[in-house]
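> Below are the chains, spelled out letter by letter.
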Amino acid sequence: MTPATTTETDVPTGLEPGGTDQPPDEPAGPVVGTRRERREDPALLTGEARFTDDLQIPGALHLAVVRSPFAHARITRVDVSPALAMPGVVAAFTGEDLQGEWAAPMPCAWPVTEDMKSPPHLPLAVGKTCYAGDGVAVVLAESNEAARDAIDAVDVEYEPLPAVTDLAAAISDEVVIHEDLGTNTSYRWELHLDDDAVERAFADAAHVVRERYIQQRLLPMAMEPRACAAVPQPFGGDITLYSATQIPHILKIMTAVTLGFPEHQLRVVAPSVGGGFGSKLNVYAEELLVTALARKLHQPIRWVEERTENALGTIHGRGQIQDIELAADADGRVTAVRVDLTADMGAYLQLVTPGIPLLGAFLYCGVYDVPAFSFGCTGVFTTMTPTDAYRGAGRPEATYAIERAMDALADEVGVDPAEIRRRNYIGADRFPYTAVTGLVYDSGNYEAAAAKALDLAGYDDLRAEQQRRRAEGGPKHLGIGISSYFEMCGLAPSRVLASLNYSAGGWEAATVRMLPTGKVQVVTGATPHGQGHETSWSMIVADKLGVPPDDVDVLHSDTALSPLGMDTYGSRSLVVGGVAIDMACDRVVDKARRIAAHQLEAAAEDLEFRGGEFSVRGSPDRSVPLAAIAFAAFTAHDLPDGEEPNLEAHVTYDPPNFSWPFGTHVCVVEVDEETGGVEVRKYVAVDDCGNQINPLIVEGQVHGGIVQGLAQALFEGVVYDADGNLVTSNLTDYLVPSAPDVPSLTLDHTVTPSPTNALGVKGIGEAGTIGSTPAVMNAIVDALRPLGVDEVLMPASPLNVWNAIQRAQSRPDPERTTTSATAGDTNADAGGAS
Amino acid sequence: MRITMTVNGRERSSEVEPRTLLVHHIREGLGLTGTNVGCDTSSCGACTVLMDGESVKSCTVLAVQADGADVTTIEGLARDGEMHPMQQAFQRNHGLQCGFCTPGMVMAAVSLLEEVPHPTDREVRLGLEGNLCRCTGYQNIVAAVLDAAGSTQEAGA
Ligand code: FES
Ligand code: FES
Numbered sequence: 001m002t003p004a005t006t007t008e009t010d011v012p013t014g015l016e017p018g019g020t021d022q023p024p025d026e027p028a029g030p031v032v033g034t035r036r037e038r039r040e041d042p043a044l045l046t047g048e049a050r051f052t053d054d055l056q057i058p059g060a061l062h063l064a065v066v067r068s069p070f071a072h073a074r075i076t077r078v079d080v081s082p083a084l085a086m087p088g089v090v091a092a093f094t095g096e097d098l099q100g101e102w103a104a105p106m107p108c109a110w111p112v113t114e115d116m117k118s119p120p121h122l123p124l125a126v127g128k129t130c131y132a133g134d135g136v137a138v139v140l141a142e143s144n145e146a147a148r149d150a151i152d153a154v155d156v157e158y159e160p161l162p163a164v165t166d167l168a169a170a171i172s173d174e175v176v177i178h179e180d181l182g183t184n185t186s187y188r189w190e191l192h193l194d195d196d197a198v199e200r201a202f203a204d205a206a207h208v209v210r211e212r213y214i215q216q217r218l219l220p221m222a223m224e225p226r227a228c229a230a231v232p233q234p235f236g237g238d239i240t241l242y243s244a245t246q247i248p249h250i251l252k253i254m255t256a257v258t259l260g261f262p263e264h265q266l267r268v269v270a271p272s273v274g275g276g277f278g279s280k281l282n283v284y285a286e287e288l289l290v291t292a293l294a295r296k297l298h299q300p301i302r303w304v305e306e307r308t309e310n311a312l313g314t315i316h317g318r319g320q321i322q323d324i325e326l327a328a329d330a331d332g333r334v335t336a337v338r339v340d341l342t343a344d345m346g347a348y349l350q351l352v353t354p355g356i357p358l359l360g361a362f363l364y365c366g367v368y369d370v371p372a373f374s375f376g377c378t379g380v381f382t383t384m385t386p387t388d389a390y391r392g393a394g395r396p397e398a399t400y401a402i403e404r405a406m407d408a409l410a411d412e413v414g415v416d417p418a419e420i421r422r423r424n425y426i427g428a429d430r431f432p433y434t435a436v437t438g439l440v441y442d443s444g445n446y447e448a449a450a451a452k453a454l455d456l457a458g459y460d461d462l463r464a465e466q467q468r469r470r471a472e473g474g475p476k477h478l479g480i481g482i483s484s485y486f487e488m489c490g491l492a493p494s495r496v497l498a499s500l501n502y503s504a505g506g507w508e509a510a511t512v513r514m515l516p517t518g519k520v521q522v523v524t525g526a527t528p529h530g531q532g533h534e535t536s537w538s539m540i541v542a543d544k545l546g547v548p549p550d551d552v553d554v555l556h557s558d559t560a561l562s563p564l565g566m567d568t569y570g571s572r573s574l575v576v577g578g579v580a581i582d583m584a585c586d587r588v589v590d591k592a593r594r595i596a597a598h599q600l601e602a603a604a605e606d607l608e609f610r611g612g613e614f615s616v617r618g619s620p621d622r623s624v625p626l627a628a629i630a631f632a633a634f635t636a637h638d639l640p641d642g643e644e645p646n647l648e649a650h651v652t653y654d655p656p657n658f659s660w661p662f663g664t665h666v667c668v669v670e671v672d673e674e675t676g677g678v679e680v681r682k683y684v685a686v687d688d689c690g691n692q693i694n695p696l697i698v699e700g701q702v703h704g705g706i707v708q709g710l711a712q713a714l715f716e717g718v719v720y721d722a723d724g725n726l727v728t729s730n731l732t733d734y735l736v737p738s739a740p741d742v743p744s745l746t747l748d749h750t751v752t753p754s755p756t757n758a759l760g761v762k763g764i765g766e767a768g769t770i771g772s773t774p775a776v777m778n779a780i781v782d783a784l785r786p787l788g789v790d791e792v793l794m795p796a797s798p799l800n801v802w803n804a805i806q807r808a809q810s811r812p813d814p815e816r817t818t819t820s821a822t823a824g825d826t827n828a829d830a831g832g833a834s
Numbered sequence: 001m002r003i004t005m006t007v008n009g010r011e012r013s014s015e016v017e018p019r020t021l022l023v024h025h026i027r028e029g030l031g032l033t034g035t036n037v038g039c040d041t042s043s044c045g046a047c048t049v050l051m052d053g054e055s056v057k058s059c060t061v062l063a064v065q066a067d068g069a070d071v072t073t074i075e076g077l078a079r080d081g082e083m084h085p086m087q088q089a090f091q092r093n094h095g096l097q098c099g100f101c102t103p104g105m106v107m108a109a110v111s112l113l114e115e116v117p118h119p120t121d122r123e124v125r126l127g128l129e130g131n132l133c134r135c136t137g138y139q140n141i142v143a144a145v146l147d148a149a150g151s152t153q154e155a156g157a
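Chains S and G are the protein sequences, given in the same order.
According to my numbering, the first sequence holds residues 1 to 834 in order.
According to my numbering, the second sequence holds residues 1 to 157 in order.
Because the hints were derived from the structure by calculation, they are not lab data.
For each residue, glycine too, the CB sits at the ideal point set by N, CA and C.
Be a bit skeptical, because a hint or two may be false.
Said to hold, decoys possible - Not everything, but these chain S residues come out facing chain G in the computed CB check (under 10 Å): (1) Glu-48; (2) Ala-49; (3) Asp-53; (4) Ser-143; (5) Val-273; (6) Thr-308; (7) Leu-696; (8) Ile-697; (9) Val-736.
Looking at chain G on its own, in the form it has when it is part of the complex:
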């Protein structure tokens, strides 16, 4: 089947099999390997992308369901060579170690702040519940999201 979506601001049209998952289409079809696959039970969140502004686990969506959608992957966050404030906050706060969960975690965190711009520690933890990290113990991920929320606040003030 032929599908067309806007991926990181660019229109991409491709032929996909009906059973192809969005995550495999992104990784293999479009060659955007920043989005990772960490499980086969929609448990880990490593595959999280934004679809029409909302975070989704791209292993739970068929590529054909994303026909016509606007998709942002981790590769689409930086602007003009500058990392997104969330990416910067992750680096500042050492919110990543091996970095495998990181693309999904960052996308989920971006989406979380869209919904709750000034979350508490608990709200951040609950908001990232669907994203597993085995390295960081989450502490610095939470710190990064709170930091990013703070800088957003400052920028807006």
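Excised from the complex, chain S in its bound form:
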């Protein structure tokens, strides 16, 4: 099947019912596909929304965590008694005091290999601390200020050990962080499909490029710091855990397991959540601590993170050394890709730490028709904050490597970067395309999106300008960067997850319920934190059931209201959760149709459902509205024999495939050779996420995603010093861009519906981040190629750009050679990416 790609800017809205064949006199048109304003906004705009730390919890004690100032140290003594003497302090506990609270160590749900090594990880360290920020004791007090004041009084004696902040040093095992494991290597994961084919391709290649790229560590920096509160319920021992989390459902299970607490007595609620980007896709020590202490003390316990703690104690993203090799024929057609990664796990394995590089493993061939591929990844421990999912999670890293390498190949072959891509794109007629990895890409038209992006950017004129200016000379260099990305998202088919050794499924649950008065209640297992699910879900339901969107209530983020769910990450909410809702609507209509047929004394097959009304085909005066059926189902006075009362349907949907959105981004920069300064002159993105439910929301996701990816390229990077101290521990040292730092973006899209779901949708939450980083870096390197520069370390700060120019100019051979930035170089230039 080759789904059509629409290149017009208008989005088709042909979802049934109420699709394009709707009679023109119908009062309300379909809402899917319209730029509907978000219903979430008024509460957020007026300050009425409640984030976790806004909750009023009478009698709550405030928790503060004593954190290790050392990256790696033995804890020889912890004395909390001076803290207990402080005003307002009620209790204090060491790691040892609380050891009995844990039935299991903190969870890692993704043991990627049978022999993966994972050190026991407790919410409070016992005996040893393995990164700066590791918790060693807690204080409970009547106010947050009192608790924070008292942590300084806790007396901890440390015996410092050497820090390990460099991946090469970590692999050498010179200093073994977790002695019981005997090594710093957690795992080696390899994908061998046909090694002979890979070897042959490299032996026969006319061109080979070998590149090393450094993915610096990043801080997710959701604007809302984390917060949580555990509140014991009267009688019976139930506990409600409120948390600023993306994953209330997963958190409930994991908290129950870690605490040995009966799962059915635990309720998890995510109030308004102020951004996550993966950083709230985890099970954190503080969530376990407040719950365990609420159980122990029978009192509500709350905690809110300070920004500095957020930098230390919330997961970091990226952190990889990537070696990528491409073999190509004389025309630059790629014949093989070989990849080897070293991935920085940090001190412990958090929820999905080891699996992050694997999420990218299948994307290193990019949007290209590559016949041979091999991949390996070594996960290593360091004495730094654990890494885990950060927007894109493995996929931005993969896209970065292949897209940077494609530019290197273009340079090697001597063709334009746009041309090398055209020669390698998987053709639109090849879909569904079975890749060398065995995965099937649902639909795509990569060349159409690229052509549109190049056209919008004025690519040919830019190249002409570049040539002219290069001939003229001058300190300012024009650079044009292209990135053609795709990604696998909509996590995920449960069987595929099983094959990757992931411990859970990838389904999503939905309930659609008609209330007696004709209003609709929707329950979703997806958990929004800025994505606008309430708006989008109500739009889907409105069109399916023929009701106004405002008549649809959407319940979420509370395990008591929505007991089943797999939550929000991996651009899965619409593609899995939204599709589940669409299916539940179908089932509601099916049941309603049987009741309508009974009432109208007609055969169910003869009924048409349109605009919220059933009518008998051919006799439109015999009709009944869905609302009347809902009431009839509620009274249950006159239902067909054997039909249950009430009108609702529950669906748990396991997707048959990932979804594969794609697009091309073009970035245009001016680089000042004298200062190393980079200015983004133009940024064009053409994305394709299939059908769009609400283009306003889609564009917002793309804007935010692009800026996060651009920030990795230009501004952000975690810096540790050699002792393992986090230097970039707040927003003055870690440069999250503000409005004047980023360009105005030009967006457009193509529409290639996914054939694997009824809505024809693909995910869009991470696409911008995946596409943008290589576009920016390709532009910078493109600008500087005449100076002999073939690599600039991220972030491309003036210093890193200037260093790259100096390095190129001091090189004896100005010809492009294999880039070999080492982890050591990175420490010098980027301040410790590895």
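Starting from the structure of chain S, add chain G with the ligands where the hints point.
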């Protein structure tokens, strides 16, 4: 110490500790939790309120320094159940996603238009430099402020 201020048009008198920051007084003392705290280095702007008509980061002001001041928080912008034109413009232009930066961003934007009623794209960006947003990439925030400036212009014309 006893302090008295006018908050969203109402006089509020309270006992505060000398070290209490205005933002904590607003959130905990007065129970107005719309104003958010996003950092501990006065970098994020999530705590922005209007004090005597000027936007300030309320984490940089002691509550006692606000004694006698006229303070407007995000809760005080809507009138008679109608959102302020700036709030409406944010909704119209999808200028918010998670909404955590939003109260501060809206207050800063209101104050920006007081000073520069018809800003350019660049002026809006520079004017909001002290307010970080991790979700929107700023594009729709800028669009919202420009839109609000336009409607102000129309209303005045
Ligand atoms: S809380 Fe960040 S500037 Fe005030
Ligand atoms: S909307 Fe989330 S931080 Fe701005």
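> Close enough to count: is the Cβ of S:Glu-48 nearer than 10 Å to one in chain G?
Because about 7 Å separates S:Glu-48 from the closest Cβ in chain G, which is inside the 10 Å limit, the hint holds.
> Does S:Leu-696 pass the interface check with chain G, least Cβ-Cβ distance below 10 Å?
holds (5 Å)
> So, S:Ala-49 near chain G? Judge it on the closest CB pair being under 10 Å.
Where the cut-off is 10 Å and the nearest Cβ of chain G is about 6 Å from S:Ala-49, the hint holds.
> Closer than 10 Å between Cβ atoms is the bar; does S:Val-736 clear it against chain G? Give me holds or violated.
holds (5 Å)
> How about S:Ser-143: closest beta carbon in chain G under 10 Å, or not?
holds (9 Å)
> Double-check S:Thr-308 for me: the hint is only fine if its C-beta lies closer than 10 Å to a C-beta in chain G.
holds (6 Å)
> Interface hint check: S:Ile-697, Cβ to nearest Cβ on chain G, cutoff 10 Å. Holds or violated?
holds (7 Å)
> Taking the least C-beta to C-beta distance, is S:Val-273 closer than 10 Å to chain G?
holds (7 Å)
> A closest beta-carbon separation below 10 Å is what the hint needs, so does S:Asp-53 meet it against chain G?
Holds, about 8 Å.
In the structure shown, no violation is registered for any of the earlier numbered hints.
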